[in-house]
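**Q** Residue-level listing of the chains:
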Amino acid sequence: MNTKVNIAGIEWQNPVTTASGTFGSGIEYSDYVDLNKLGAVTTKGVSSIPWTGNQTPRIAETYGGMLNAIGLQNPGVDVFMKRDLPFLKKYTSKIIVNVCGKTTEDYCEVVEKLGDSSVDMLEINISCPNVKEGGIAFGQNPCSVEAITKEIKKYAHQPVIMKLSPNVTDIAETAKAAEAGGADAVSLINTLTGMKIDIHKRKFVLANKTGGLSGPAIKPVAVRMVNQVANAIKLPIIGMGGIMTWEDALEFLMAGATAVAVGTANFNNPRATLEVIQGIEEYMKKNNIDDILEIIGCVNQ
Amino acid sequence: MNTKVNIAGIEWQNPVTTASGTFGSGIEYSDYVDLNKLGAVTTKGVSSIPWTGNQTPRIAETYGGMLNAIGLQNPGVDVFMKRDLPFLKKYTSKIIVNVCGKTTEDYCEVVEKLGDSSVDMLEINISCPNVKEGGIAFGQNPCSVEAITKEIKKYAHQPVIMKLSPNVTDIAETAKAAEAGGADAVSLINTLTGMKIDIHKRKFVLANKTGGLSGPAIKPVAVRMVNQVANAIKLPIIGMGGIMTWEDALEFLMAGATAVAVGTANFNNPRATLEVIQGIEEYMKKNNIDDILEIIGCVNQ
Amino acid sequence: MARSYKKNVVITDKTQLDEGIFSMWVRDEEITAEAKPGQFLSLYCKSGNRLLPRPISICEINHVKGELRLVYRVAGQGTEEISGYHIGDSIEVMGPLGNGFPLEEKKVILIGGGIGIPPMLELAKQIPGEKNIVLGYRDTTFLKEEFLPYGKVYIATEDGSLGTKGNVLDAIRENGLEGELLYACGPTPMLKGIQAYGVERGIKTYLSLEERMACGIGACLACVCKTKEKDHHTNVNNTRICKEGPVFSGEEIEL
Amino acid sequence: MARSYKKNVVITDKTQLDEGIFSMWVRDEEITAEAKPGQFLSLYCKSGNRLLPRPISICEINHVKGELRLVYRVAGQGTEEISGYHIGDSIEVMGPLGNGFPLEEKKVILIGGGIGIPPMLELAKQIPGEKNIVLGYRDTTFLKEEFLPYGKVYIATEDGSLGTKGNVLDAIRENGLEGELLYACGPTPMLKGIQAYGVERGIKTYLSLEERMACGIGACLACVCKTKEKDHHTNVNNTRICKEGPVFSGEEIEL
Ligand SMILES: Cc1cc2nc3c(=O)[nH]c(=O)nc-3n(C[C@H](O)[C@H](O)[C@H](O)COP(=O)(O)OP(=O)(O)OC[C@H]3O[C@@H](n4cnc5c(N)ncnc54)[C@H](O)[C@@H]3O)c2cc1C
Ligand SMILES: Cc1cc2nc3c(=O)[nH]c(=O)nc-3n(C[C@H](O)[C@H](O)[C@H](O)COP(=O)(O)OP(=O)(O)OC[C@H]3O[C@@H](n4cnc5c(N)ncnc54)[C@H](O)[C@@H]3O)c2cc1C
Ligand SMILES: Cc1cc2nc3c(=O)[nH]c(=O)nc-3n(C[C@H](O)[C@H](O)[C@H](O)COP(=O)(O)O)c2cc1C
Ligand SMILES: Cc1cc2nc3c(=O)[nH]c(=O)nc-3n(C[C@H](O)[C@H](O)[C@H](O)COP(=O)(O)O)c2cc1C
Ligand code: FES
Ligand code: FES
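Protein chains in written order, with the working numbering: chain A, 1 to 301; chain B, 302 to 602; chain C, 603 to 857; chain D, 858 to 1112.
There's no promise every hint is true.
One-sided and incomplete, this derived list gives chain B residues near chain C with beta-carbon spacing under 10 Å [said to hold, decoys possible]:
1. T323
2. E329
3. T353
4. A361
5. Q374
6. P376
7. D379
8. V506
9. P517
10. N569
Since the hints were made in silico from the structure, they are not lab data. All values reported here derive from a predicted model rather than from experimental measurement. Glycine included, each C-beta is placed from N, C-alpha and C at the ideal position.
Start from the sequences, fold in the hints, and give me the full structure.
**A** In structure tokens form, the structure reads like this:
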């Protein structure tokens, strides 16, 4: 039985990774999860210099989901390379570094620094709704998606995954722009911009007012977008948004994703990634599916 | 204590109506709900001629929400006026007719026919994700929103509420377009386009493949959009999207909506509208709020 | 006019009939007083992530105790949740909903397939006159014995482990059963077969249909079925299963 | 290294202490074996619409029975749900989490405000040496008696209905309490006051903080607090309350 998938030339032992920002750099979760079992670990966003992030409260629970406005707090690429990367190298799963920046130069600087490292893939976050500069502003306009992809590709030594925003009229357009810019893969969806109000205090719950909605609440939107993009471009897709169970993961694969990422579910169940991997394997056995590729995009035939 | 709100010159006894398509024309729910207690009843979409709607399955449950692809089945404006309108006239709550069409002419025909009727307001659905022609196509482009609003305003005798789609990059733009076109109010949000896959059958659950996501899952997106629009235009807003409780309704009012609509919640609890109205009143009493206007948009000050 | 209610009712009995098949009695005088065979209840889950009701047919009515019986198969997460409730727990329901079977005094055949069998039990009890009962199963044969007091029971199983090997129509043919009226509930392919059988032979059929539901009371138009004639309410060629149905005459509808 | 676990544990006791305040014992040998005062558990709700854990401090540790006590206030829907659980029910928890209070043998004052009082109970039991205990309440005075065996207890109530009218600092001043070290848990304004009081007098303070959490283990950066110095892990001037805290020295942090 084959569960390996190949994304832009990188072979994952199974199609499951972690969604950026929900798993740190893997260190904290390694008490609960054998990282060797994952297809890949995707790290929290890393920027050229350390970022402090937003004021607290940074998160709020919502019905079947959550809002976050962490604001991409991170220790910067140098600390990341010195501390987190050596940790991740101890494991056999692939390493995907999520990259954030305020300007195109910021992104390129990080990408360049990671060039000779043991990082396997780069995921470029042009879709964070929680920072004033950079982030989503790059991701909502097809022209700027294409432009930044092109620029990053000039510096990247590893395959580049462009992470797309769902806060757009037509995600197929931004996906096509990423493809035109030379991206090696796309990942989607990042969070939907949302808001919560504390009716007793009559104030926004989040210090940042708005935050990104994630969790099972958004899954139907994510599956739709993955399917839409699968029908619009040829690049491999890493699908995410609300995956809690292996059934959820299979929906994404069938919709056309080559791999999936588990995010908010980790907060509810630290072993969610492992349970997803195991569930997919059991489904394949039960249904006599020899190769996971038989499932990928099967609803589109 | 005042709970009355005035929307484009029409006074509602309280700020609560039903979300179009979730309450029929009120007849079926009148066994469970005293319609006299509602601020307004908003009907299912009505078109110039009868529409058959989509194939079944038309709905699917999702985590904290549901997908629907009814496809605007309705008996047409003539039957509506002969049968449903006389029924609604027996009640003191205001009557809002939701209007749908495939072409601008379709909308105008319905609007014109309703011109001399006892209908109080018109809600123009340019945001239905479940029909091939018309619907969302009108609502995703600011230019066409402005154009269709202008056209409809030529024929309308009642105040016109433009119902906006959340499936856009920037809802403030479509709201401004509606304002520029002469709309008297806006309502938001319609459903988010979503998809569900049956992993056992390896097929789309809905015959229409995609459907509109509604219910508490989408509330944070809806509250954010209401707040965004409240800060962008001067028109009154009818807010909706996932309201289950009076607390939810207050979030929308505080975010800047003058009134709210309860939709999917009716399926879970037929008395949801009444419980929302009662809860708002009790909150006002408890907090010594004399006038509901004190709450509306209070987070924006 | 018949009324329906939305309320919390208490589970007074619960047993497992078979692998994944549960029987449950719930108590409510008002709902029971209105209930007729072929009608259904909407069951609401407690877990906040499941908002839509689960329609489940009324399997038996006990007017003396004011109790209704529901027999259901664990088909997904909602019925899974419900199967975990205990005697004494309460459950939110709405009902009775739908039209129910018209009771006609003729020589009838009652046909139930799979999880369409439960509603035939109360019908078997209430319908007057001579009746043959045909039950189709995949393998396990839940509820079979409970039909014995009410008529002659014929079984069809897909694997032939009991009765006729094949479907309910095979059993009807094999046993040369005849009736002036056929009542049926079961999977759509079975209902289609019975509809065609009825048309062929000019026999009236009453078919109980299933469709995904949201409101359960005719407001949302989720649960429609195509009709031959324009429907009086919808003014188009389809009708609401939850409101005008779930039981339709085989001549009215297109499956 | 200290371990933490995610598992289902059984509720062995549950009582209501006061209007909206509940006490609950849960049994788990492994978690109990690791637990220290000042640490917390993440509690997971059963209702599918609430995904994030609720952090609740460990109030008492019974190593003999392998049980932990949690005392919590119904603050919203999650704690409301949990308050409906019965003895014998199980509840999913993760823990023990966080650092806990460092135990120092000095003349100490333990200060608890409102729902910050529970974690001070196990601390009072474990900390060696002389201790004064100051408890601040709005009105109701839950847990008060249970502190009596471990030190002299002083009360402050906002309405003056018991003890000093005012806050915990008012009680400290009114009673002329002195200590070489202050432990405190309570609302942020109270902690701010104690932090300032410590700085003024050159007294060391240990403050237990609260913030909204998602992961509870240091991965998501939801729960940070500003720090005076650059934090060793985050490399910026804030630190993770769930991982490096919830207990911090008053000198490290900015409130
Ligand atoms: C009028 C009517 C009477 C019924 N009577 C019975 C009965 O007596 N016993 C019994 O076991 N089953 C009966 N069913 C089918 C039963 O409603 C479904 O099996 C049940 O809703 C599945 O819920 P779930 O949460 O377990 O499955 P899921 O697949 O998790 O449900 C997801 C959603 O789909 C809906 N759904 C899934 N399958 C069906 C279906 N077959 N029909 C309608 N909605 C569905 C659910 O209601 C829910 O909204 C009846 C259906 C109808 C329409
Ligand atoms: C380290 C720590 C220890 C705590 N110890 C206790 C204790 O021993 N007893 C006690 O009664 N309370 C304690 N709290 C506060 C407790 O976590 C909240 O009251 C509880 O999470 C509220 O949940 P809810 O669902 O009832 O409220 P809701 O407002 O419905 O919760 C919504 C979301 O906000 C979070 N949230 C709400 N209030 C708080 C808060 N004050 N702190 C952190 N998250 C919050 C919830 O966890 C949840 O994710 C502690 C908090 C922390 C951080
Ligand atoms: C707390 C939190 C932090 C996140 N941080 C990042 C980030 O740093 N970079 C990024 O590209 N996406 C980030 N995301 C988005 C997730 O990677 C993912 O796209 C999104 O949450 C949807 O998946 P989920 O529903 O499974 O969580 C974050 C999400 C959460 C909840
Ligand atoms: C079954 C169903 C049918 C709907 N039909 C219509 C419609 O005819 N016209 C319309 O403008 N919106 C329609 N909507 C959208 C709702 O009016 C509302 O905008 C949306 O469901 C969000 O609100 P909610 O989450 O409270 O349901 C429909 C929604 C549902 C669930
Ligand atoms: S379920 Fe709504 S019309 Fe039948
Ligand atoms: S809650 Fe995630 S870092 Fe503290």
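**Q** Each hint: holds or not?
**A** Against the structure, the hints come out as follows:
1. T323: Holds, about 6 Å.
2. E329: holds, 4 Å
3. T353: At about 5 Å, which falls below the 10 Å cut-off, the nearest Cβ of chain C leaves the hint on T353 of chain B intact, so it holds.
4. A361: Hint on A361 of chain B: holds, closest Cβ of chain C at ~7 Å, below 10 Å.
5. Q374: holds, 5 Å
6. P376: holds, 3 Å
7. D379: holds, 9 Å
8. V506: holds, 9 Å
9. P517: holds, 8 Å
10. N569: holds, 5 Å
The structure agrees with every numbered hint stated previously.
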